[in-house]
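If you read the protein sequences in the order shown, they are chains C and A. Here the first sequence is numbered in our numbering, starting from 1 and rising by one per residue. Here the second sequence is numbered in our numbering, starting from 1 and rising by one per residue.
Check the hints yourself; a few may be wrong.
[As the list claims (entries may be wrong)] In silico lysine-lysine, DSS-like type, Cα no more than 25 Å apart, as pairs:
id: 1; chain 1: A; residue 1: Lys203; chain 2: C; residue 2: Lys120
id: 2; chain 1: C; residue 1: Lys349; chain 2: C; residue 2: Lys201
id: 3; chain 1: A; residue 1: Lys133; chain 2: A; residue 2: Lys104
id: 4; chain 1: C; residue 1: Lys428; chain 2: C; residue 2: Lys201
id: 5; chain 1: C; residue 1: Lys245; chain 2: A; residue 2: Lys133
id: 6; chain 1: C; residue 1: Lys500; chain 2: C; residue 2: Lys545
id: 7; chain 1: C; residue 1: Lys245; chain 2: A; residue 2: Lys104
id: 8; chain 1: C; residue 1: Lys428; chain 2: C; residue 2: Lys497
id: 9; chain 1: C; residue 1: Lys545; chain 2: C; residue 2: Lys285
If you're looking for bench data, these hints aren't it; they were derived computationally from the structure.
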Amino acid sequence: MSSIVSLPDQTTARIPKRNYITNENGIMSWLLTGDHKRIAILYLISITFFFFIGGALAGLIRLELLTPQSDLMAADTYNKVFSMHGIIMIFLFLVPSVPATLGNFLIPIMIGAKDLAFPKINLLSWYLYLAGGALTLWAMISGGVDTGWTFTVPLSTHYLNTNVVTTGLAIFIAGFASIFTGLNFIVTIHRMRAPGMTWFKLPLFVWSNYAASILMVLGTPVLAITLVLVVLERTIGIGVFDPSKGGDPILFQHLFWFYSHPAVYIMILPGMGVISEVISTFSRKRVFGYSAVAFSSVAIAVFGFFVWEHHMFIMGVSNYSTLVFSFLTMLVAVPSAIKIFNWAFTLYKGSITFETPMLYAFGFMGLFTIGGLTGVFLGSSGTDIHLTETYFIVAHFHFVMVGGMLMAFLAGIHFWWPKMTGRMYPEKISQLAAVVTFIGFNFTFFPQFLLGMLGMPRRYAAYPPEFQVLNVFSTAGATILGVGYLLPMIYLVWSLKYGKIAGANPWQATGLEWQIQSPPLTENFVEIPVVTQEAYDYEWLDRQKEREVTQVG
Amino acid sequence: MDSPTVAVHEGAHHEHPSYQRHHFVTMDQQRESASFGMWLFLLTEIMFFGGMFTAYLIYRNWYYPAFVAGSHTLSIVLGTTNTAVLITSSFTMAMGVWCAETRKRSGLILSILLTLVLGLVFLGIKSVEYHEKWVQHHVPGLRFDAMTFVHPKAEPGQPVEPGLPLDMAQHTEIYFSLYFAMTGMHALHMIIGMGLLIFMLIKAVQGAYDEGNIAFVENFGLYWHFVDIVWIFLFPLLYLISRHQ
């Protein structure tokens, strides 16, 4: 197989002595840093930590479901385990995954700035995230919470005696971490672009993070106030969501999903940005329909705010509004499809090579498409009534979130690993990991579509014996998937010391981040660049290289 | 170089004021970023309060008589006074920003002090109102009794209001929940703002705003006006429901 990887001569190549990692030493230089790249690394370490906790909980869930009886743990323990799995994975992993790590690291560099607009707020965001994470862990250790990640009232306010308040406050705090990240991105992208870097020269990664930031900034505060009201309802019984006092639990659902549906796009949009970069780089072509892909991100963000009620079709909302929201839900499929088709056209007649990020990107395209199409089943109010609250919905959002977003996250981590660390990951084993992940993923979650169609409800520790075969498949797949996630953890850490020196631009990619040394200097650019080339202009890159050769020669 | 991708930016050689942060190319960029960031933050605040306004909208439509009855228990005198106090504090804050822009240190200090005092007056009046609610058993959850709305007591010099049916009377608890949640959140924003005011006062006394580095003052001004505007909405929605009846 051909490869576009071009590494410097390993016998003479060195990691640049001055870079953002070596610039200052000592733990305090990290804990008090304003450097967006260091904060990205801090975020990366913390979200990986929470990812593996959430993953361990997922493992427990699958182990319990290996047998029809509730035998590994009691039913209420099971409730706590899946609740905590959801809360950790959504609020502490998926929401910050790409924006807070890759976005933090790359957006200033991609637009030709020295840092995000508000470095201190960026650091504050990480501390808020940590505080939220610590509180969540505390809630888990001191007895757990069993509301599900949705904090559904009146269950969470009246009927459960678990740590709802602690967890609610944890999510409230972590929410502000997300708001501050989004706010920082929007201001940075508006105000800090290098001379010549117009909106339509921005890499699509920046566009998609911009769209996600809009959602973070507008959606998260609504979740914050909702959680405040839940906490007040639970602690002093103010009655806003209490039907016995005239309050309406459906109002809670509206407010909660007003955030939590857009949150789905907060999670997926930055991943789509990663895929755009990866697909273009490894097929050596400009992304097909650049402006359509750019605007589809914004369209997803806008439409995303008007579909929340499709989470509530069975909750007794009016049939007419169900019709409207069902229709609007179909609309949001359009920009997602635009992206998928444009990526496919980018591949068409491209010079495709199959490095690890590309493998993950292919995984994303396939699995996200399945996840998206099954979303149409759930968005149609008729089929939704049959499928909602079954394993079908579990499979659907895991296809989008794990098959889509996590694949995109791993694609991005591999793609920019050389830039972040200056060293390559080992190619062969990482390709293996990508394939293992893909296989394990399908084994885990495809049977769940069937289980859901057959009517197995979600969120129960026990199930009728006839569902066991498919559940065993799913659990077996989860083991493979677990290996697929542990592998990168091991070889990426290994590569920090033993990986090949990557050089500035191992992929021959066009983004500004590839035109500077790896790892970058603390100030990113020695001189602020003046941008004249379009995004993904590979001919421009070739001309640059030619000129370098002639100048050196 | 014919197509310079990495060229020296023209502005790089200008003299920069000491308070320009290293990652901004120009002072204008820094100022615009800060103010844009503040406006965006205020947008998140609108969404934050928006959740409660939505709840208010729905419940007021459902339980209109309860909202009228609940609203009539609030003191219109205290509410109006507080509105006046808060608008005045916005004025003094605007004066503060102007003083900072024109580098009048003593004027700035005076404005901050006045704003602080007016903020305290507002919170003082608010706490009087809260205390009154506590005495009247109008605090939802903790100390609530709907019976005063079923059998209203005659106020001296005023006509007796007709009582509400029991179930509607009980829904006044929703009104008071929203009253406390909305004014409470507003008061919390005031308290945070006053903390920042004290911080700003210390900095102003030290002369931190004499050199033109006044982004903090300007952006805090925006925050203070925002908190004021929230109250401008809260006052009619909570105090003035159907006062002509």
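Outcome of the hint check:
1. For the proposed pair lysine 203 of chain A and lysine 120 of chain C, the alpha carbon gap of about 19 Å is at most 25 Å, so the pair holds.
2. Of the supplied pair hints, the one linking lysine 349 of chain C and lysine 201 of chain C holds, its CA atoms being roughly 23 Å apart against a limit of 25 Å.
3. A threshold of 25 Å between alpha carbons decides the hint, and for lysine 133 of chain A with lysine 104 of chain A the separation of about 43 Å lies outside it, so the pair is violated.
4. Restraint check: the Cα-Cα separation between lysine 428 of chain C and lysine 201 of chain C comes to about 34 Å, which exceeds 25 Å; the hinted pair is violated.
5. Distance check on the hinted pair: lysine 245 of chain C and lysine 133 of chain A sit about 19 Å apart at the alpha-carbon level, within 25 Å; holds.
6. At roughly 22 Å between alpha-carbon atoms, lysine 500 of chain C and lysine 545 of chain C fall within 25 Å of each other, so this suggested pair holds.
7. At roughly 55 Å between alpha-carbon atoms, lysine 245 of chain C and lysine 104 of chain A are farther apart than 25 Å, so this suggested pair is violated.
8. In summary, the hint linking lysine 428 of chain C to lysine 497 of chain C is supported, as the alpha carbons are separated by about 17 Å, within the 25 Å threshold.
9. Between lysine 545 of chain C and lysine 285 of chain C the alpha-carbon distance is near 17 Å, which keeps this suggested pair within the 25 Å criterion.
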